[in-house]
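Number of protein chains: 4
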Amino acid sequence: TRPLTFIAGPCQLESRQHGLEVSAMLKEIGERLGCQIIYKTSFDKANRTSASAQRGIGLEDSLPIFAEIRETTGLPVLTDIHTAEQCAIAAQAVDVLQIPAFLSRQTDLLVAAAQTGKAINVKKGQFLAPWDMKNVVAKITGAGNPNVFACERGASFGYNTLVSDMRALPIMASIGCPVVFDATHSVQQPGGQGASSGGQREFVPYLARAAVSLGVAAVFMETHPDPDNAPSDGPNMIPLKHFEAIAADLLEFDRMAKASPVMAL
Amino acid sequence: TRPLTFIAGPCQLESRQHGLEVSAMLKEIGERLGCQIIYKTSFDKANRTSASAQRGIGLEDSLPIFAEIRETTGLPVLTDIHTAEQCAIAAQAVDVLQIPAFLSRQTDLLVAAAQTGKAINVKKGQFLAPWDMKNVVAKITGAGNPNVFACERGASFGYNTLVSDMRALPIMASIGCPVVFDATHSVQQPGGQGASSGGQREFVPYLARAAVSLGVAAVFMETHPDPDNAPSDGPNMIPLKHFEAIAADLLEFDRMAKASPVMAL
Amino acid sequence: TRPLTFIAGPCQLESRQHGLEVSAMLKEIGERLGCQIIYKTSFDKANRTSASAQRGIGLEDSLPIFAEIRETTGLPVLTDIHTAEQCAIAAQAVDVLQIPAFLSRQTDLLVAAAQTGKAINVKKGQFLAPWDMKNVVAKITGAGNPNVFACERGASFGYNTLVSDMRALPIMASIGCPVVFDATHSVQQPGGQGASSGGQREFVPYLARAAVSLGVAAVFMETHPDPDNAPSDGPNMIPLKHFEAIAADLLEFDRMAKASPVMAL
Amino acid sequence: TRPLTFIAGPCQLESRQHGLEVSAMLKEIGERLGCQIIYKTSFDKANRTSASAQRGIGLEDSLPIFAEIRETTGLPVLTDIHTAEQCAIAAQAVDVLQIPAFLSRQTDLLVAAAQTGKAINVKKGQFLAPWDMKNVVAKITGAGNPNVFACERGASFGYNTLVSDMRALPIMASIGCPVVFDATHSVQQPGGQGASSGGQREFVPYLARAAVSLGVAAVFMETHPDPDNAPSDGPNMIPLKHFEAIAADLLEFDRMAKASPVMAL
Chain B
1300 TRPLTFIAGP
1310 CQLESRQHGL
1320 EVSAMLKEIG
1330 ERLGCQIIYK
1340 TSFDKANRTS
1350 ASAQRGIGLE
1360 DSLPIFAEIR
1370 ETTGLPVLTD
1380 IHTAEQCAIA
1390 AQAVDVLQIP
1400 AFLSRQTDLL
1410 VAAAQTGKAI
1420 NVKKGQFLAP
1430 WDMKNVVAKI
1440 TGAGNPNVFA
1450 CERGASFGYN
1460 TLVSDMRALP
1470 IMASIGCPVV
1480 FDATHSVQQP
1490 GGQGASSGGQ
1500 REFVPYLARA
1510 AVSLGVAAVF
1520 METHPDPDNA
1530 PSDGPNMIPL
1540 KHFEAIAADL
1550 LEFDRMAKAS
1560 PVMAL
Chain W
1300 TRPLTFIAGP
1310 CQLESRQHGL
1320 EVSAMLKEIG
1330 ERLGCQIIYK
1340 TSFDKANRTS
1350 ASAQRGIGLE
1360 DSLPIFAEIR
1370 ETTGLPVLTD
1380 IHTAEQCAIA
1390 AQAVDVLQIP
1400 AFLSRQTDLL
1410 VAAAQTGKAI
1420 NVKKGQFLAP
1430 WDMKNVVAKI
1440 TGAGNPNVFA
1450 CERGASFGYN
1460 TLVSDMRALP
1470 IMASIGCPVV
1480 FDATHSVQQP
1490 GGQGASSGGQ
1500 REFVPYLARA
1510 AVSLGVAAVF
1520 METHPDPDNA
1530 PSDGPNMIPL
1540 KHFEAIAADL
1550 LEFDRMAKAS
1560 PVMAL
Chain Y
1300 TRPLTFIAGP
1310 CQLESRQHGL
1320 EVSAMLKEIG
1330 ERLGCQIIYK
1340 TSFDKANRTS
1350 ASAQRGIGLE
1360 DSLPIFAEIR
1370 ETTGLPVLTD
1380 IHTAEQCAIA
1390 AQAVDVLQIP
1400 AFLSRQTDLL
1410 VAAAQTGKAI
1420 NVKKGQFLAP
1430 WDMKNVVAKI
1440 TGAGNPNVFA
1450 CERGASFGYN
1460 TLVSDMRALP
1470 IMASIGCPVV
1480 FDATHSVQQP
1490 GGQGASSGGQ
1500 REFVPYLARA
1510 AVSLGVAAVF
1520 METHPDPDNA
1530 PSDGPNMIPL
1540 KHFEAIAADL
1550 LEFDRMAKAS
1560 PVMAL
Chain C
1300 TRPLTFIAGP
1310 CQLESRQHGL
1320 EVSAMLKEIG
1330 ERLGCQIIYK
1340 TSFDKANRTS
1350 ASAQRGIGLE
1360 DSLPIFAEIR
1370 ETTGLPVLTD
1380 IHTAEQCAIA
1390 AQAVDVLQIP
1400 AFLSRQTDLL
1410 VAAAQTGKAI
1420 NVKKGQFLAP
1430 WDMKNVVAKI
1440 TGAGNPNVFA
1450 CERGASFGYN
1460 TLVSDMRALP
1470 IMASIGCPVV
1480 FDATHSVQQP
1490 GGQGASSGGQ
1500 REFVPYLARA
1510 AVSLGVAAVF
1520 METHPDPDNA
1530 PSDGPNMIPL
1540 KHFEAIAADL
1550 LEFDRMAKAS
1560 PVMAL
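First to last, the sequence lines map onto chains B, W, Y and C.
Anchor point for the first sequence: position 204 equals 1503 in my numbering, and the numbering is continuous, going up by one each time.
Anchor point for the second sequence: position 43 equals 1342 in my numbering, and the numbering is continuous, going up by one each time.
Anchor point for the third sequence: position 149 equals 1448 in my numbering, and the numbering is continuous, going up by one each time.
Anchor point for the fourth sequence: position 186 equals 1485 in my numbering, and the numbering is continuous, going up by one each time.
Any given hint could be a false lead.
One copy or two, either will do: identical chains are not told apart, so a pair holds if it fits within one copy or between any two.
Unchecked claim - In silico DMTMM-like links for lysine to aspartate or glutamate, alpha-carbon gap of 25 Å or less:
| hint | residue 1 | residue 2 |
| --- | --- | --- |
| 1 | 1326 | 1551 |
| 2 | 1344 | 1384 |
| 3 | 1557 | 1367 |
| 4 | 1557 | 1543 |
| 5 | 1344 | 1551 |
| 6 | 1344 | 1359 |
| 7 | 1540 | 1527 |
These aren't lab readings, by the way, just hints derived from the structure by calculation.
Given the structure is predicted, the values throughout are model-derived calculations rather than measurements.
When you get a sec, could you build the whole thing from the sequences and use the hints?
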């Protein structure tokens, strides 16, 4: 079992400079902590609550920036794609393609992503049970790509609220692929602020630690130098100045969790 | 206020002959009942539970059949689209474009559908609150298309279960667009049979009548000559031989509901 | 099948005079509408959100008032009991004993209520599935009392919210006892105001009509001359001045529903 | 901060001999692990799914056995009470009174329990939000008893299912009382087997570890020498032979959690 990986970065690629700065800081944190960090960044927010919200730079203009981040920091880069056509294009410049939760049942997208041969991080839909992910993962592996992570990010719980069912982690692990816990979107309050989504940043360190104590492969945790002024997901991103301390804490729990697998009954 | 419309038909377009036969029978039912029926048919099931499930005939091959159904029966035709590119193509042969629930937050799809100028039936995501549909509808109207229906089809309620919150109907009506109640997918049990979705057909007439009694514009109700052998949504489709009786019942309640709007408190 | 009964009255017995006045008005409404009204009144609110909330007059002092209401109006009286000991005492002065939803699994309370021989209205717990009510009803009938109603009042749906699943009505009817729909507590927002429960009175006429269209035996609908100043459940009680119009509307739908049972599939 | 306490024992007091044997084994486990164990045992299962299920020995006959267990093992004893009258009686022979989740809003029961001066473990209702426990705890402290624990045991999540929201632990801790995590009932499937409740014992070690990693005061974990033949809660009790290993694992995570409180953001 490998030590905990972090999938981290700001929600959106805001600019070339912003991307280079934040990724450089995360690279240094990863070196100090001795852990793998995958840089997460989005070229397009295709499913914002409201049409008037900022969407992002777009795929074409993001590709050279993704490549530059990868080159200058040496960090693998992850981005999320929204159409089958984007998969092969994005795959030119990134290491991991991410399937958004709302799109976790779209067969063509899953297959197109799989066919790039890149690693795939597929989010569990808010409307799916953990055992439903078996079929989702099989759409990817069935397309010839065994390199897939299953990512928990909360289940619908009444209106404008998600709940993280920790049972989902061992259930998804039993599918046979590495499990990622998305601490950022698990505390999202979808649509909870009328024209945008709210969030409960303060619970990120709690949910992440609970998940890590069960032995997950990776934690997804968005971070931003100034979350309260970020164009998206600000209420649930971690301030970058706290990232290292939270990650260090999680790595301690990860070491104990990986050394002591939970007893099977 | 106009009398109740039905959006009806088998889940999938199975073949030219199947489509012509079922639509002809529905046309006759509509004439006997004196009500508007919109023929619902899908060229592709893009989000099946499992990759090995039947997908459908495809858009290209379906277009002439859609046109032939429209011409021979005179019924308006509705189909669901899954990518922005499909919108303009499907719009050549159908009257209503439907946005699937999982895709109800995909801005590009909503805008592309809106720009065809066709009527749009947008399903409420299983993960959305009824008031969240305001932003969804605004993405369509904001793209210049005022002809949009908001469709209730159940909210996630624990795992593999949906619940129909009847409060959603007046809440969505207050957005200002006609409200559709999808009785078929509201009784779906998503993923509930492992590699396919289950359903509770027996509750369709109950939920449909409850919704109609509150004064909805349309009921969406899939029907099939032999649901138990249909390639998709069999467990929640109504046998075609019962369709007329159920529709007649709903029209009675519709007349009373439209004559007596619910008192505002 | 008998026509629709109403279980109505203010949440609490506030005073002898208040009880006599409201019950007299409801008696007149029942006579004008030609329908049965059961007068609902509570001597104790034993499970208020906060300990500092008003509890009520108490059982001993309420008994003569219950008797006087019954005598002067001729209306049957219903009250809710909270301990096994209260059952026989309350039974001296009322016609129907009601089991609160939170207590729907307390075997001793159910048996003691059953043994009074009075009619029993048992609320479905917010934490129960409709099919779980089979065991609840069996506890009462098994104690020798066949005169039991099963009452839907919403299921927990995330935090501080309830949802009314209309499928619960036919499911509970299949147990073999009359079904009551509690429109008042189905729109409660438990604990939703911090130290008290909120509510959405505006949805009472919607949910009640949806339920009545499916053919229930009775609607439970609290009403008050001045709900906004009532000591409990104010946000979800109907103003008394609107009660007659809402009830008349429901009776119209009831006639149609009873004349046309929902088709069994 | 004190090290982790366990509240453990079989669901029911089955017999004097059974109680003495199991408590003696738990006492030895506690000594080997160097941790506090509170012996949990019930004299009556007052809210069984079905009336025909075994109820237990009863309060009167249990009192001397409780006293003997306490005396011979030195373990504090906890039992759950269901009526206000039982509180003072049970308090003669036990150290902790437990309020069942269904009864967490019954003011008289909370006050009567509080007035015994014993420690009170109050379960959070399946229908309550974590912040609602503030009012529940205040009913006890307001009656003059500051010695109260708030216990998470799952929230209703659809039908026949509970979900453990780990956010509930820090939210309840902020009320100012020690927090207990009930790993046994969090994996209950209420009513899920028709005439009895099911359970998912295999998730107990997962949920318990996740909760402990967040720094709870105690874990509630029922255990039985032969759970599959136990008269109640068998599907979610831990086999006694595995108890020590699971507890030892949790104590390791507890040490790390208490040494590193979760960062406040």
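Status of each hint after checking the structure:
1. Taking the closest pair of Cα atoms, residue 1326 and residue 1551 come within 25 Å of each other only inside a single copy of the chain (19 Å); across copies the shortest separation is 31 Å, beyond that limit.
2. For the homomeric pair residue 1344 and residue 1384, the shortest alpha-carbon distances inside one copy (16 Å) and between copies (19 Å) are both at most 25 Å.
3. Taking identical chains as interchangeable, the C-alpha atoms of residue 1557 and residue 1367 are never at most 25 Å apart, the minima being 34 Å within one chain and 42 Å between chains.
4. In this assembly of identical chains, the alpha carbons of residue 1557 and residue 1543 lie at most 25 Å apart whether taken from the same copy (20 Å) or from different copies (20 Å).
5. Proximity of residue 1344 to residue 1551 under the C-alpha cut-off of 25 Å is found in neither arrangement, the shortest distances being 34 Å within a copy and 42 Å between copies.
6. Taking identical chains as interchangeable, the C-alpha atoms of residue 1344 and residue 1359 lie at most 25 Å apart only when both belong to the same chain, with a minimum of 14 Å there against 30 Å between chains.
7. Taking CA atoms no more than 25 Å apart as the test, residue 1540 paired with residue 1527 passes inside one copy only; the shortest distance there is 13 Å, against 49 Å between copies.
Checked against the numbered hints above, the structure breaks hints 3 and 5 and satisfies the rest.
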